[in-house]
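Based on these hints, arrange chains D and H on the given structure of chain B.
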Amino acid sequence: MAADSTGTDISRQAAGGKPTGLWAGIMRVFDLSLGQMLWSRRTVFMGLVVAAPMLLALLYRILHASFGDPELNGQAVRGTTLFGMTIWLLYLRFIVPILGVFYGTALVADEVDDKTITYLFVRPIARRAILLGKYLAYLASTLCVVLPSVMVVYFLTTPFDLSAIARSFPALAKDLGLLGAGLAVYGAVFAFVGTSLKHPLVLGLVFAFGWEQLALSIPGYLRRFTVIYYLQALVPHAMPQDSAMSLLQGVFREVPPALQCLGWLAVIWAVFLLLAAGTIERREYVLEQ
Amino acid sequence: MTMATSTDARPVVEAEHLSKWYGQVIGINDVTVSVPAGVTGLLGPNGAGKSTFMKLMTGQLKPSQGVIRVLGEPVWRNPAVFSRIGLCPDQDSFYDRMSGTEWLAALVRLNGYDERRADEAARRALEAVDLVEAGGKKIGSYSKGMRQRVKLAQAVIHDPELLVLDEPLAGMDPIGRRRTIRLIREWGRQGKSLLVSSHILHEIEAMTSSILLMHNGRILAEGDVHQIRELIDEHPHTVYVKGEDPRRLARAFLAEEDVLSLQLEQEAVIVQTARPDAFYSRLTELAASGEAGAVGEVTSPDDNLQAVFQYLVK
Amino acid sequence: MPIHDQGYRHYGGHREAPGRAWTVIASAGIRSMAGKRKFLGLLLLAWLPFLVEAIRFYLVANFPQASILAATRESYREFFDYQAVFVFFITIWVGAGLIANDKRANALQIYLSKPLTRAEYVAGKVSILVVFLLLVTWVPAMLLLVLHMLFQGSLSFIRANLVLFPAITLFSFVYVLLASFTVLALSSLSNSSRFVAILYAGAIFFSDGVYGVLYAVTGSSALSWISLGANLRQVGNIVFRMKPLYPDTPWQVSLLMVIGMIAVSMLILDRRVRGVEVVS
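Residue numbers (this note's numbering), protein chains in the order written: chain B, 207 to 495; chain D, 9 to 322; chain H, 5 to 284.
A portion of the hints provided could be inaccurate.
As the list claims (entries may be wrong) - Using 20 Å as the maximum straight-line C-alpha spacing, the simulated EDC-like pairs for lysine to aspartate or glutamate come out as follows:
{"#": "1", "chain 1": "D", "residue 1": "Lys146", "chain 2": "B", "residue 2": "Asp320"}
{"#": "2", "chain 1": "H", "residue 1": "Lys247", "chain 2": "H", "residue 2": "Asp85"}
{"#": "3", "chain 1": "D", "residue 1": "Lys250", "chain 2": "D", "residue 2": "Glu299"}
{"#": "4", "chain 1": "B", "residue 1": "Lys321", "chain 2": "D", "residue 2": "Asp100"}
{"#": "5", "chain 1": "D", "residue 1": "Lys70", "chain 2": "D", "residue 2": "Asp98"}
{"#": "6", "chain 1": "D", "residue 1": "Lys152", "chain 2": "D", "residue 2": "Asp138"}
{"#": "7", "chain 1": "D", "residue 1": "Lys70", "chain 2": "B", "residue 2": "Glu487"}
{"#": "8", "chain 1": "B", "residue 1": "Lys321", "chain 2": "D", "residue 2": "Asp104"}
{"#": "9", "chain 1": "B", "residue 1": "Lys404", "chain 2": "B", "residue 2": "Asp320"}
{"#": "10", "chain 1": "B", "residue 1": "Lys321", "chain 2": "B", "residue 2": "Glu487"}
{"#": "11", "chain 1": "D", "residue 1": "Lys250", "chain 2": "D", "residue 2": "Glu275"}
{"#": "12", "chain 1": "D", "residue 1": "Lys152", "chain 2": "D", "residue 2": "Asp98"}
{"#": "13", "chain 1": "D", "residue 1": "Lys250", "chain 2": "D", "residue 2": "Glu230"}
{"#": "14", "chain 1": "D", "residue 1": "Lys146", "chain 2": "B", "residue 2": "Glu487"}
{"#": "15", "chain 1": "D", "residue 1": "Lys152", "chain 2": "D", "residue 2": "Glu128"}
{"#": "16", "chain 1": "B", "residue 1": "Lys321", "chain 2": "D", "residue 2": "Asp122"}
{"#": "17", "chain 1": "B", "residue 1": "Lys404", "chain 2": "B", "residue 2": "Glu460"}
{"#": "18", "chain 1": "D", "residue 1": "Lys146", "chain 2": "D", "residue 2": "Asp100"}
{"#": "19", "chain 1": "B", "residue 1": "Lys380", "chain 2": "B", "residue 2": "Glu460"}
{"#": "20", "chain 1": "D", "residue 1": "Lys152", "chain 2": "D", "residue 2": "Glu135"}
{"#": "21", "chain 1": "B", "residue 1": "Lys321", "chain 2": "D", "residue 2": "Asp98"}
{"#": "22", "chain 1": "D", "residue 1": "Lys146", "chain 2": "D", "residue 2": "Glu135"}
{"#": "23", "chain 1": "D", "residue 1": "Lys146", "chain 2": "D", "residue 2": "Asp127"}
{"#": "24", "chain 1": "D", "residue 1": "Lys70", "chain 2": "B", "residue 2": "Glu490"}
{"#": "25", "chain 1": "D", "residue 1": "Lys70", "chain 2": "D", "residue 2": "Asp38"}
{"#": "26", "chain 1": "D", "residue 1": "Lys145", "chain 2": "D", "residue 2": "Glu135"}
{"#": "27", "chain 1": "D", "residue 1": "Lys152", "chain 2": "B", "residue 2": "Glu487"}
In short, the hints are calculated from the structure, not lab data.
The shape of chain B in the complex, shown without the other chains:
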C-alpha cells in the first residue's frame, strides 16, 4: 500500500470514501429518500387525498356536460367558483397542512422509530444534510402529486374555451405558487417540530387545525403567528362562507400586501429549516432497545 510523506496510507481515503460535502450529501440523501417516499404506502394516502378533489371536479364536468351549471339560490355555480372553493376548502385548509404535518414531522422521526437512522448517522455526511435531503425529497414528492392534481381540477372545472382559460390562468399560476409555498413552509415548520419535540404529530395537528384556525378568528396580532394568514392573503379566489368559523374568519380577515406575505413566508421557511438543521446536529437520538 502506498504511503505519503506523513506516513498516512493514501489508499485509506480512497478505500473509506471521502467525507461528502454538504450539497453532495443532501443530494445523496435526497436520492435515497425520494424513492422511499414516492413508493411507500403513505403515498397511497397522499394519492387518495388528492384524488377526491379530482373526482369532485370530474363529477362537476359530467353534470355540467349533461345538465349545465348547477344552481345555488337561483344563480349558476360556475366552474371557476367551484375551483376556488376547492382551493380554499380542500387544498389550503386541509391537503397542504396535513401533508406538511404528516411528512414534515416524520422526516427524521420515522427513521428514529424504525431505528434505521443509525445507518445514516454513521456515514461521513453532516446530519443537517440528512434532514435537508429528506426535506427536499418530501417537497419533490408532494409537489409532484399535489400540483398536477390542482391542474387536473382546473382543467375539469374550467370551460374548454381559450378566452376563459386565458382569463383564469393567472389565478391558476398563483394557486400553484401559493400551494407550493404552503408545502414548503409547512414542511419546514413541522420538520423543526419533528426534530425537536416529542409527540410531534399531535402538536402539529394542534398547530395546523387548532391554533391556526383559532388565531384567524380573533382580531389582532395573533394571526401573524400562523402560516395560513400569509397564505390566505395570496389566494386569488373569494373566501367561502361554509361554516361559522369561516364566517368569523371572513369578518376579521386582513389581506396584507402580497410581497410582504411572500417575504414573511420566506423568513418562516428559512428560520424553521435552519432551526431543524441545528437541532438534528445537536440532538442525541436514544433509540429504544
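Just chains D and H now, kept in the frame of chain B:
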C-alpha cells in the same frame, strides 16, 4: 483490492474519564481505557454498558462527561471520521422494501462513492458475507441470519480501518456463526481493527484473546484473557483430574501446601490450587510415575472467560 | 424430613374463567396511559369546559342577573361539541398505537398464542380507549346534570328534561364507540402509529372538507352523510330531541352511516388481527 488498515501502534479508541448517563441511570461510569489495534472483544452481561460504549464510540451519543477519541479524532459531530469507521449496530432494522444490493449501494453512496463504484462495492460486500444470490431480493424477505450478514456487509462495504460490531452473531445459526467468526478473524489478519461485543463468552474466545470486560458501566479488566487470569492470584485455580484411583490422587495432592481444597467425585478429583504451574508439573511427574494410578484426563474449567468474569464480578 | 422440590411448580391457585383475559389487556393499557403526565394533563384540560359550565350553572342559580345564561337541553348537546376536540386528541394519542405498536413489536403472535381469543384482544384494546373517552364525555356530562340539580336545589329541570339521562348516555356511547372502533381498525392496518393518526385525522377533516365543497356548490345538506362529523352531529341532535342539523339528510341515513362505520371497522379488525401475517 487495497485494504484500509490501522497500521499505527496508537490505540484505535481512547476514552478518558468517560461517563454517560440517561437521567438517573448511569450507562458508562468513569471509564478510562485505550483499545489497541487488532481484534478486541468487548464482553459483559446485558446492561453492562457495551452498546452505550459503542454508541459513544460511533458518535450516536454525546458523552455526559469525559472524552472519547476514535482513530485519534473526536467523534461527536465529526462526520469526517465515519469514512474510517464501520458500524454493525445491534438493532434488527432495515429499509425492508429495498433489495440488499440497492440498500448497500445507497448507503455507500453516502460515503462519496459514485454510482458505478457503489454498485461494485455492494457486490464485493455481498460476496464477502456470502449473500450474492440474495442480493436482488428485498431485505424484508431475508432470514434472521441473512439480515445479520447484510448488516455486516454495510459495515465493511467502504473498507473502513475500524469495525465496531455490536453483537454480530445474534440470531445466527451455528454455521452462520462459524462463518462470521472466520470473517472477523480474516479482517483482523488483513490489518483492520475490530471491536466486537458479545455477552456470549465462547464466541469472543473464538475470535480473539484480547478483551475488555465490562460490568455495570465500568471496565473490569482489559488485555489478554490469560494475562488477566494470571493476575487474579488470590483466586484459586481449579483443576479437574480424572484418574483410576481418585483417593490416592487426593492423598498425593494434599501433601502440597499450594493445594487449597479438594473435592472427590466418582472417578475424579477436583483440586483448587494457588500455584497452578507448580501443580501441573507435579501432576505430570505423578502421572508419569504411576504412583497414584493412571491419570486419564486433566482439564481446567477455570481457564476461560467465564471463570475470569465470575471472579471479577464477585 | 421431606425434601421440598425446588424445581418448576405448576400453578395450583385460582384461575379466572375463560373470557376474562380482555380485562388484563384493558387494565394494563389504562395503567400505562395513566402513568404519562402529559396525557393526564390533556385529560385535565378536557375537563375545562366542564368547569366553565359548572361555574355558569352556579352563577345562574345564585345571581338572577345571570338568568340569560340558564342551561337548556341544547346546552348539554353543545357540551359534546366542546368536548369534540379533546375526544379527537385523546383518540389519536391513545388509540393510534393500540394495535399498530403491537404489530410493530411482533407482539400479536405472543398475545394470540395465549388462551386469548381475537375478540378478547380487540375488546381489551377497545376498552382502554372507551374508558378514557367516557371520562371526557359521559362522566362530565352526567356530573354537570347532577351539579345543575344541586345548584338549582330542585328537580324541576330534570323532570322537564328526563330525556337527558338516556340521551347523554346513548350519545356518549355512540360517539365513543364510533371513535374507538374507527381508530382501532385503522391501527390494525399499519405498523406506524403516526400513520394511523394521520389516517384518522384525514378521515375526519377530509370528509368534512369534501362535504363543505359539495354544500357550497349545491346549497343543500343532502350529502352531509359523506362527512363523519356531520353524521355524528346529526345523530346527536336526534338523540337530544332537537331539530336535525342537516335537514336535507334523513337522520336515519346518518345513523346508518354511523352504524355502518362501526360495522366496517369491526370487519377490518376481524381480517387484520391475526397472529401471522403472510408476506408475499
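### Message
Can you confirm whether the C-alpha distance between Lys70 (chain D) and Glu487 (chain B) stays at or below 20 Å?
### Response
11 Å, holds
### Task
Could you grab the alpha-carbon distance between Lys250 (chain D) and Glu299 (chain D) and see if it respects the 20 Å cut-off?
15 Å, holds
### Task
Sort out whether Glu487 (chain B) lies within 20 Å of Lys321 (chain B), counting only the CA atoms.
Holds, at about 17 Å.
### Message
Tell me if the straight-line CA distance from Lys250 (chain D) to Glu230 (chain D) falls inside 20 Å.
### Response
33 Å, violated
### Message
Checking one constraint from the list: CA of Lys247 (chain H) to CA of Asp85 (chain H), max 20 Å. Satisfied?
### Response
Given that 20 Å is the threshold and the Cα spacing comes to 16 Å, the pair holds.
### Message
Just to be careful, I want the Cα atoms of Lys321 (chain B) and Asp100 (chain D) compared with a cutoff of 20 Å; is the pair within it?
### Response
8 Å, holds
### Task
Sort out whether Glu135 (chain D) lies within 20 Å of Lys146 (chain D), counting only the CA atoms.
Status holds; Cα separation ~17 Å.
### Task
Please work out if Lys321 (chain B) and Asp98 (chain D) have their alpha carbons no farther apart than 20 Å.
10 Å, holds
#### Entry: Hinted pair Lys145 (chain D) and Glu135 (chain D), Cα distance within 20 Å
15 Å, holds
### Query
Is Lys321 (chain B) within 20 Å of Asp104 (chain D), Cα to Cα?
12 Å, holds
### Query
Do the alpha carbons of Lys70 (chain D) and Glu490 (chain B) lie within 20 Å of each other, as the hint requires?
OK: Lys70 (chain D) and Glu490 (chain B) at ~7 Å, within 20 Å.
### Task
Below or equal to 20 Å on CA atoms is what counts here, so check Lys380 (chain B) against Glu460 (chain B).
Given pair Lys380 (chain B), Glu460 (chain B) holds - Cα atoms ~19 Å apart, limit 20 Å.
Consistency note: the structure conflicts with the earlier hints numbered 13, 14, 15, 16, 17, 27.
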